[in-house]
Amino acid sequence: MIKIAVLAVQGAFIEHIKMLERLGVECIELRQRADLELAFDGLILPGGESTVQGKLLRELGMFDLLQERIRDGLPVLATCAGLILLAEKLSNDDKAYFQTLPVTVKRNAYGRQLGSFSVPGDLEGIGTFPMEFIRAPYIEEVGHGVQVLARVEGNIAAVSYQNQLGTAFHPELTEDVRIHEAFLRLINFNTRAFQIF
Amino acid sequence: MEEKRYQLNKELAQMLKGGVIMDVTTPEQARIAEEAGACAVMALERIPADIRAAGGVSRMSDPKMIKGIQEAVSIPVMAKCRIGHFVEAQLLEAIEIDYIDESEVLSPADDVYHINKRGFKVPFVCGAKDLGEALRRINEGASMIRTKGEPGTGDIVQAVRHMRMMNRDIARITSMREDELYQAAKELQVPFDLVQYVHDNGRLPVVNFAAGGVATPADAALMMQLGAEGVFVGSGIFKSGDPAKRANAIVKAVTNFTDAKMIAGLSEDLGEAMVGINEQEINLLMAERGK
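Here the protein sequences come in this chain order: A and B.
According to the working numbering, the first sequence is numbered sequentially starting from -18.
According to the working numbering, the second sequence is numbered sequentially starting from 121.
Don't read these hints as lab results, they were simulated from the structure.
Note that the structure is predicted; figures quoted are calculated from it, not measured.
Glycine included, every Cβ here is placed at the ideal spot set by N, Cα and C.
Errors might be hidden in some of the hints.
Ranges of calculated distance between the beta carbons of each label pair, as one might list FRET restraints [stated by the list, open to error]: (1) B:R297 - A:P101: 32 to 42 angstroms; (2) B:R297 - A:P111: 29 to 39 angstroms; (3) A:D45 - B:E300: 48 to 58 angstroms; (4) B:E388 - A:D103: 50 to 60 angstroms.
Straight-line distance between alpha carbons at most 20 angstroms, and here's what the computed SDA-like set of lysine to any residue pairs gives [stated by the list, open to error]: (5) B:K381 - A:G42; (6) A:K87 - A:E134; (7) B:K124 - A:R93; (8) A:K(-1) - B:Y317; (9) B:K381 - A:E40; (10) B:K381 - A:D16.
Excised from the complex, chain B in its bound form (with noise of 0.2 angstroms):
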């Protein structure tokens, strides 16, 4: 990828930042994310909770289904493709989609490499649990990053610990000694730049998002007071027993992620959350896939 490209793409995620992207499957559903203020949708065949109650072999959506969503909303549209499956992102840069998240959500095509996502035009968002995969994922041709969390579980502590993983370990390497940095760039398995780029500024160099296992508008605002700088929202709302209302407040709880009367005001009669499983009730850890 040329690095004005490059540059664009990263900036695409800059427009999306202090916004919600959220999980459509139908045109319907996308229109109502819209309407309800989310700043992209992630189009795909079944949300995660699904995926995971379904089990099997989970791919990329229909083109046709992701293009129906395209046509209904104005707002950039998502759509996933399974880590490693270059094939797959070569599908979704022909249909023209504005965001791929190349996702451990779907089942690895590879259990070793990663897309070359620098051999793209259009841009990426990955998954990383702390700042090594970040950067390696960066040093790949990641434009956007997400904390993988646990996908279709409605439940927020993995997404803590991989946002506080991510703070610990950008903090580490700002209070380093320049010299320390090449040990460090060995350490993480990332080229020296990509360190020295989080020791000078103490940030990654692309936007990060929080993902994977928020379901209330207090998640959203947790992600956002832990740092993040904008919120995915997957199952969480077409999960829940009214999602244009749930999705309305998650978005007005992003926007003003500090003022607790506010969103104390939103979590009123949201209806049924999602169910949610726990951390010890499930089988199959998808942070786990790809490192």
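Next comes chain A alone, as it looks inside the complex (with noise of 0.2 angstroms):
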């Protein structure tokens, strides 16, 4: 029985958790460091703000210990906020986080929440996905060895790359569980996401 810990210092980390309860997955919320003292198979970085959860990450003693396990491998999901945080580098912020994805990725792309927007949009290897973007990223660049899973309005609004799952958009919006059984094909055949996608 596989389990997985969802960020929960700030943001939408309840809807990531009742999708997984939908499948059948059992779950923990990170909320300080004594919480990573429990196992678990996988992460999801849910959608909030990025600074707030970035700060929190660091000041309740999370970070490093995180970082370092995504570092090794383990599997993580990661939707619009989360993404920043596994960003590499941001392209209109001097701040980064974990930096173990490498991508550029630009924050608050689309404007303030008049440019909120959601779109029907191709995702590889998973077909047409209700796409929420909510003052979403997108990303910029991408670094060799990543993948590009989804591209909207030219800009690239999904990927993957080894153990990690990032979306500009918000798959837990939805009713559309697809993306988070994707999420468990990757820890449950304990493999690459090129292999799933």
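Two chains, two separate frames, one set of hints: put the complex together.
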């Protein structure tokens, strides 16, 4: 029985937990360092405010340990703010967080809330997927070995790289469980993302 | 407002959950708030405690001041308009605010009608004392709700009262037989489908934050334990001795709202809290505005 940890310092983490519970997966919430002592097989970095999440990850003592585990191959699914946390570089912000995913991400790339939108997009290996972009980022550049899974309006909206899966949109806000199912396959088969998509 | 846009607006509120939204009056304060971990800021000329002290008519802030704050931070920026003042709301939409608070903190512009929020693309948050008020605002197009509490007092009692009232009303609806919901809709003065949603889901159809009187990390955690999905802090931060430290502590208390040991630590050496005014000492109950 696999267990997934969901970063629960701020943002839409309950939506991910509900989706995983629908798939029969047990979840734990990461709110402070002591929570990292529990065993888990995968990590979800949810949507929310990346500035808040990044700050709390550090100040609540979880940053270094999680970064190390992601580098060591812990499977991660990161959505929106989560993608920003994984990115090696942010093009419009001096800050950077885990830096385990070799991509350059632009924050709030579609502007303020009036620029938020939703669209059915084409997702590699999955097909048409409902994509909700809420003050969303997009990926400007990808490094070696990064697989682009989706483009929306010409901008990269989803990628995979080794043990990491990142989307600029929010699968957890829809009823569509296919991305979470793909993430579970990544964990179950102890494999690399390019073999899933 | 088209259905899709309303959905996106509710979803932005979902992203703010588990966070603290702070009142700020200058770009400098906005930066302090962002650094301290605010998930959004509320741009306004005077914080509620000063509005209360100054008296007179209180209006929407200068758009230039709001723009200054929009430029200073990367997190969402909210701003307040007066209840019923749909032109102030139009102006806030024109400068691309992320969320409008149709707020009882400002002097109401209309003593009968709230803004038809369905006519806007930008999202609205509104205050509510109970389920009826909340569902009426949602019916008008609000995509987020907060307790009214009593702004600018530093006194948590009203926010607690409103959150408990909301929970009690929701529990009552949830326990009803389906054929009783029609009468409930009539009493609450809201459409049947909203009451049915509450009955089936045991919660409001939008995110619900606490607001109005939060001054300490313990206040914030109290509201979270009572079921709030996040917290607005108005006067409590920049009316206190050490705003950055207090803001920081409140943010962490919201994340770990059941960890008493951590919150005890966070509550140490915060400097002076805002002075506060008791319910019996105030002449103006802002929560009575807009029902």
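Quiz item: When the hints from earlier in the document are held up against this structure, which numbers fail?
Solution: As far as the earlier hints go, not one is violated by this structure.
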